[in-house]
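Residue strings, one per chain:
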Amino acid sequence: MEKEFIELINKHQGILQKICNIYFYRNLYKEDYHQEILIRLWKSFPSFKNQSAFSTWLYRVALNTAIDIIRKQNLKPIHTELSKIEYNIPDNENNTESDKKDKLYQAINHLSDVEKAIIILYLEDYNYKEIAEIIGISESYTGVKINRIKCQLIKILENGQI
Amino acid sequence: MDKFDLKKLWSETHTKTQQNIHDDVNIRKTLKMNHSKTIAKVLSDLKLKIFGYSLMLIILISLMVYAWVYLDLKLSANTLILFSFIGLFFIIKIISIINRLLTMTKTTNNLSVKESILLFRKKLNRIKVIDFLSYLIYFYTLAIWLIYNYINDIGGVNNLSWDNEIQTLVLIAIIILLSIPWLIKYQHNQRYKKLYSNLNDSANFLNDVT
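Heads up: the sequence lines are chains A and B, in that order. Read in order, the letters of the first sequence correspond to residues 1 to 162 in the working numbering. Read in order, the letters of the second sequence correspond to residues 1 to 210 in the working numbering.
Keep in mind the hints are simulated off the structure, nothing from the lab. Glycine included, C-beta positions come from ideal geometry on N, C-alpha and C. Please note that a few of the clues may not be correct.
[Said to hold, decoys possible] Within a straight-line C-alpha distance of at most 27 Å, the following computed DSSO-like cross-link-like pairs (lysine-lysine) qualify: (1) B/Lys194 with B/Lys106; (2) A/Lys18 with B/Lys106; (3) A/Lys18 with B/Lys114; (4) B/Lys8 with A/Lys100; (5) B/Lys8 with A/Lys155; (6) A/Lys155 with B/Lys194; (7) B/Lys106 with B/Lys122; (8) A/Lys18 with B/Lys32; (9) B/Lys29 with B/Lys41.
[As the list claims (entries may be wrong)] Partner residues aside, some chain B positions facing chain A, computed with beta carbon under 7 Å: (10) Trp10; (11) Leu31; (12) Asn110; (13) Val113; (14) Glu115; (15) Leu206.
[As the list claims (entries may be wrong)] Chain A side only, calculated, beta carbon under 8 Å to chain B, not exhaustive: (16) Leu8; (17) Ile15; (18) Lys18; (19) Tyr29; (20) Tyr33; (21) Ser47; (22) Thr65; (23) Ile67; (24) Ile135; (25) Gly136; (26) Ile154.
Please model the complete structure; the sequences and the hints are all you need to start from.
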């Protein structure tokens with residue numbers, strides 16, 4: 001079982017990195033929390049019964065764990081307030097990939113824990129049905145929420161204001 | 001709006017992040033752990049507190065048994081009640097910390113995000129109610145016991161007098177005792193204000209009305 005788990009984790013390490021980046025952005029303990037998520041995934045692995053894709057199951061457990069860590073440590077990811085100028089992504093393509101990434105994560109970091117969970121699933125191309133199942137809301141409501149979060153995120157990226 | 005195609009931006013910024021940051025050896029090592037260092041530290045702090053209060057409770061009980069059985073001291077009912085109150089305080093503290101530890105260790109990984117939020121809020125509320133009721137019963141009983149003893153000492157209710165300085169001190173002590181549970185409740189609300197606010201916001205946000 002351990003071998004199978006490690007293989008699956010290796011295949012989906014990107015998901016864990018993205019979740020950690022979203023929830024523990026610029027957090028000193030990011031690596032430590034990554035480890036905690038990995039441990040919880042391993043402990044929950046016996047409950048994975050191939051009823052859904054492994055990545056869907058992984059998202060469910062990892063998102064729950066990340067939110068749980070924040071709640072239990074009673075801490076919020078450290079985010080630095082940026083000026084309007086810093087938020088603006090210039091129209092020319094001088095930005096490096098890491099700059100773009102940094103700005104995107106900074107913007108996402110302004111969302112609430114639940115909004116982050118919804119937006120990461122949306123950005124990762126999950127359909128409304130899957131997102132609704134992981135989050136625990138109806139499909140139609142998922143659409144409403146995604147649109148609202150997208151608008152909020154675009155607004156932040158455009159001018160740094162919610 | 002079209003300026004920011006979020007999905008495109010997301011995929012563009014994640015094209016080069018697929019390299020594994022943990023190798024098989026590291027993963028295997030991690031899987032053998034119960035918790036990561038930070039979480040383990042929080043849990044061990046709670047366990048240490050439980051150990052500390054349990055130790056004090058054991059010492060208190062041992063002292064009482066030693067005085068009663070070995071030294072054959074005839075302890076008065078009031079002394080016994082006082083020791084019992086101290087012991088009861090340690091028991092309340094131990095229960096309160098165990099409750100927190102259980103909340104910290106029990107996971108809801110396989111539930112949906114909404115269910116897990118609602119469950120956590122319920123657990124946090126339960127801790128608040130149990131803490132408040134325990135302290136309320138404890139300190140109110142202590143206050144009643146103090147009033148009863150004081151009235152006995154002065155020879156009845158008829159002898160109560162505002163000229164007596166000790167009575168003022170007793171009155172202040174009683175007011176303090178009666179207000180402690182409310183102060184603890186207030187402190188809990190202040191301490192977890194942000195957490196409650198986040199939980200309530202999340203629950204409201206996910207409150208499906210369609």
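Once the shortest beta carbon distance from serine 47 of chain A to chain B is found, is it less than 8 Å? Status holds, d = 5 Å.
How about leucine 8 of chain A: closest beta carbon in chain B under 8 Å, or not? Given a least distance of 11 Å, the restraint on leucine 8 of chain A is violated.
Regarding the hint that leucine 206 of chain B lies at the interface with chain A, is the smallest CB-CB distance below 7 Å? holds, 6 Å
Below or equal to 27 Å on CA atoms is what counts here, so check lysine 155 of chain A against lysine 194 of chain B. Roughly 25 Å separates the two Cα atoms, so the pair holds.
Given hint tryptophan 10 of chain B near chain A, where the shortest CB pair must fall under 7 Å: OK, holds: tryptophan 10 of chain B within 7 Å of chain A, min 4 Å.
Checking hints one by one. Is leucine 31 of chain B an interface residue toward chain A, by the C-beta closer than 7 Å rule? Holds, about 5 Å.
At a threshold of 8 Å, is the proposed contact between glycine 136 of chain A and chain B supported by beta-carbon distances? Since the shortest Cβ distance to chain B is 3 Å, the answer is holds.
Between the alpha carbons of lysine 106 of chain B and lysine 122 of chain B, is the straight-line distance 27 Å or under? Holds, because 13 Å separates the two Cα atoms, which is no more than 27 Å.
Taking the closest Cβ pair, is threonine 65 of chain A under 8 Å from chain B? holds, 6 Å
Could you check if isoleucine 15 of chain A really has its C-beta closer than 8 Å to a C-beta on chain B? Where the cut-off is 8 Å and the nearest Cβ of chain B is about 10 Å from isoleucine 15 of chain A, the hint is violated.
Restraint check for lysine 29 of chain B with lysine 41 of chain B, where alpha carbons must lie at most 27 Å apart: Holds, at roughly 18 Å.
Is the interface hint satisfied for isoleucine 67 of chain A? The criterion is a beta-carbon contact with chain B at less than 8 Å. holds, 7 Å
When the structure is compared with the earlier hints, violations turn up for hints 16, 17 and for no others.
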